[in-house]
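For the record, the sequence lines run as chains A and B. If you want this note's numbering, it's the 1-based position in the first sequence plus 447. If you want this note's numbering, it's the 1-based position in the second sequence plus 447.
Rather than coming from a laboratory, the hints here were simulated on the basis of the structure. Be aware that one or more of the hints could be misleading.
In this list, chains with the same sequence are indistinguishable; a pair is considered to hold if it fits within one copy or across any two.
[Claimed, not checked] In silico DSBU-like pairs for lysine-lysine, Cα to Cα no more than 30 Å straight-line:
no.	residue 1	residue 2
1	Lys755	Lys767
2	Lys549	Lys508
3	Lys677	Lys755
4	Lys755	Lys804
5	Lys531	Lys763
6	Lys677	Lys804
7	Lys804	Lys816
8	Lys767	Lys669
9	Lys578	Lys508
10	Lys549	Lys460
11	Lys755	Lys549
12	Lys531	Lys578
13	Lys677	Lys767
14	Lys763	Lys549
15	Lys531	Lys767
16	Lys508	Lys531
17	Lys755	Lys460
18	Lys549	Lys741
19	Lys531	Lys677
20	Lys669	Lys549
21	Lys549	Lys531
22	Lys741	Lys763
2 protein chains.
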Amino acid sequence: VQRFEHGHDAADKGLYRHYMLKEIYEQPDVIARVLEGRIHQGHVLEQVFGSGASELFDQVKMVQIVACGTSYNAGVVARYWIEKLVGIPCMVEVASEFRYRKTVCMPGTLFITISQSGETADTLSALREAKEQNYLGFLSICNVAGSSLVRESDLAIMTNAGPEIGVASTKAFTSQLVVLMLTTLVLARRYGFDGEQEIVAQLEQLIDLTEQVLALDPQIQKMAEHFVDKHHALFLGRGTIYPVAVEGALKLKEISYIHAEAYPAGELKHGPLALVDEDMPVVAIAPNNSLLEKLQANLEEVRARGGKLFLFADSKAQVKPGNDLELITLPDVPTVMAPIIYSIPLQLLAYYVACLKGTDVDQPRNLAKSVTVE
Amino acid sequence: VQRFEHGHDAADKGLYRHYMLKEIYEQPDVIARVLEGRIHQGHVLEQVFGSGASELFDQVKMVQIVACGTSYNAGVVARYWIEKLVGIPCMVEVASEFRYRKTVCMPGTLFITISQSGETADTLSALREAKEQNYLGFLSICNVAGSSLVRESDLAIMTNAGPEIGVASTKAFTSQLVVLMLTTLVLARRYGFDGEQEIVAQLEQLIDLTEQVLALDPQIQKMAEHFVDKHHALFLGRGTIYPVAVEGALKLKEISYIHAEAYPAGELKHGPLALVDEDMPVVAIAPNNSLLEKLQANLEEVRARGGKLFLFADSKAQVKPGNDLELITLPDVPTVMAPIIYSIPLQLLAYYVACLKGTDVDQPRNLAKSVTVE
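Build out the structure end to end from the sequences listed, making use of the hints.
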């Protein structure tokens, strides 16, 4: 296993072997940049969403998110946040599906698009389709100012992640999550949510937490060795962590070409458990004990089938590592921040597996950075 | 490859080698039974949903479907139907996710559960959770009269599929789809939909169409040979056919232990395309040309990567079979019936692959027929 020196302000790849690793390591800085100028005295500033944002947000009764790939996964996390903290319905749909079917637009629905490049063809077409309907307004969450998506939306908020060169998205994803939390908060305050200052404080602590998680790098490099000769993997999560599992599996697919698939943990026994044997490692992401307890029965079944478990959990997890269980212990994090924090070790895992397999990490086969064609 | 005699009224397994094959072949009869007594002069009878159904349906403004596994896949098809034909929002969620998160209940929302056994633990718990909320009413779509789900719901409609012994659900799925279409129609007539008689006529033609599709059995047996030495497969579909692709992949997982995964076709280029090579067959389900055109670019990419394509399409498909493309041509079917019809060849494909691999088709490893524990 190769080791590298990490430097946070490296220009281009700097001391990093790949852009992807550099971009993973930039995440504490990126999170700081996402928050910069957006927070004042523990509250999210609304003007950062664009002029007329407050008036538009006042009328939001429902949210429709449309995106592709990694951005879609960020949208699914936001759905859980919005329904929990705002208490209004939030639908999320893959752009290529949304644009080709007859959808229903309810009065007061805010239409949110998410895209790193702002040029994703299906997302842009979905936005244009939606503009023919009765949506309340259009908000774009994007990493490129002046992109088509931003220009064609009423409101936009930048993810400020800086250029992302690696085809497999990393810092773009976590920055989208932070922006989606800011969006959740400005909507939630209109529905009587009183926890904004607490969550803003947690967002500010994210920078440190992200650094702590990056320090797990050597452990994750070691864990990666178990995946080199594998052709499959199953990723399990629940709630906000389910889309994090989906994103983790997508990373492994994209750059290591391992067929990784994610399931909401409760669905395991409705089919995929048949796949589990010694050739199918199971990656379980269980940031707190109440989730872990629910996973426990599943995990026992996986072990009983000779499957090996790779568990990402916090210090309160009541499990013992052993031959059939590898454990990475993360710092304790507030529940609502878990999707952001737990994404990072999964990025590192995919990265180190790909390095060990010798694939072209920054330019995986068949994939383009921005999918600007249908 | 073994061949069997098929008889439709066989008691127990009869002349069939497995319950699953018998149950696949029962589908024309099952569809006839689902429709029996539910249709009058081209219209769906509302009293078959239970007493008070009409009054309850009059107030429906939104639909929330909750289910697990195969039943969840049926629910996703219904979502497309309801949003298109009724024009009201329809949300679908995996029961194990729904029950453990804070969800939002909008006024006028009909809560629908789907379960073959009516005893699925997560679905039953989700129903009980939902009853604490403000839902308009509770409809259960179920194959077992007197089951817990039926007893605890305001309304219920039976799928009349008869006992299903094979663990991998087949006739239960198609009968759920037919019942979901009946449900869609009774809601749609309240929102000015004028195509009910046309769709009812199409439902009545389903019986014949199903027979025609079953006659493709020898071709599908032959196609199955290509999968025997494979460890992966990718299933692609769009719109109502996307959940059919998910269900097709689930069948292959459950009984052949091949790691099959489904994607909405438009998402292929956002990651999974990196997986495609000569070891990853791609199954594309494209019941009409407008879908096929959209798939065409994807399919070219798959071919360029050495991937082999297995296409299920109708007679208008503009493709030539060859070394890199196997084609099964289905009868032309009305768009809205395609999810029901196209499910059947995918069941047969999974069945014959499993037979060739010598797995325990009716009792796949690790799985139970009814998941009555969490």
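Results of checking the hints against the structure:
Taking the shortest alpha-carbon separations for Lys755 and Lys767, only the intra-copy value of 13 Å comes in at or below 30 Å, while the best inter-copy value is 44 Å. Proximity of Lys549 and Lys508 under a CA criterion of 30 Å is satisfied in both settings, with 21 Å inside one chain copy and 17 Å between copies. In this assembly of identical chains, Lys677 and Lys755 lie within 30 Å of each other by CA distance both inside one copy and across copies; the values are 11 Å within and 22 Å between. Both within a single protomer and between protomers do Lys755 and Lys804 lie at most 30 Å apart by alpha-carbon distance, with minima of 20 Å and 24 Å respectively.
For the homomeric pair Lys531 and Lys763, the shortest alpha-carbon distance inside one copy (24 Å) is at most 30 Å, but the shortest distance between copies (47 Å) is not. For the homomeric pair Lys677 and Lys804, the shortest alpha-carbon distances inside one copy (10 Å) and between copies (21 Å) are both at most 30 Å. Proximity of Lys804 to Lys816 under the C-alpha cut-off of 30 Å is restricted to the intra-copy arrangement: shortest distance 21 Å within a copy versus 39 Å between copies. In this homomeric assembly, Lys767 and Lys669 come within 30 Å of each other (Cα to Cα) only inside a single copy, at 18 Å, whereas the closest approach across copies is 48 Å.
In this assembly of identical chains, the alpha carbons of Lys578 and Lys508 lie at most 30 Å apart whether taken from the same copy (18 Å) or from different copies (23 Å). For a Cα distance limit of 30 Å, the shortest separation of Lys549 from Lys460 qualifies neither inside one copy, at 45 Å, nor across copies, at 43 Å. Taking identical chains as interchangeable, the C-alpha atoms of Lys755 and Lys549 are never at most 30 Å apart, the minima being 44 Å within one chain and 32 Å between chains. Taking the shortest Cα distances, Lys531 and Lys578 sit within 30 Å of each other both inside one copy (28 Å) and across copies (18 Å).
For a Cα distance limit of 30 Å, the shortest separation of Lys677 from Lys767 inside one copy, 24 Å, qualifies, whereas the shortest one across copies, 35 Å, does not. With identical chains, the CA atoms of Lys763 and Lys549 are at most 30 Å apart between copies only, with a shortest distance of 24 Å across copies and 47 Å within one. Taking the shortest Cα distances, Lys531 and Lys767 never come within 30 Å of each other, neither inside one copy (33 Å) nor across copies (51 Å). Within a single copy, Lys508 and Lys531 get their C-alpha atoms as close as 14 Å, and across copies as close as 22 Å, so both meet the 30 Å cut-off.
In this assembly of identical chains, the alpha carbons of Lys755 and Lys460 never lie at most 30 Å apart, being 35 Å within a copy and 37 Å across copies at closest. Proximity of Lys549 and Lys741 under a CA criterion of 30 Å is satisfied inter-copy only: 17 Å between copies versus 37 Å inside one chain copy. Taking the closest pair of Cα atoms, Lys531 and Lys677 never come within 30 Å of each other, the shortest separation being 38 Å inside a single copy and 43 Å across copies. Taking the shortest alpha-carbon separations for Lys669 and Lys549, neither the intra-copy value of 48 Å nor the inter-copy value of 37 Å comes in at or below 30 Å.
In this assembly of identical chains, Lys549 and Lys531 lie within 30 Å of each other by CA distance both inside one copy and across copies; the values are 27 Å within and 5 Å between. For the identical chains of this complex, Lys741 and Lys763 are intra-copy neighbours only, at 15 Å inside a copy versus 49 Å across copies, given an alpha-carbon limit of 30 Å.
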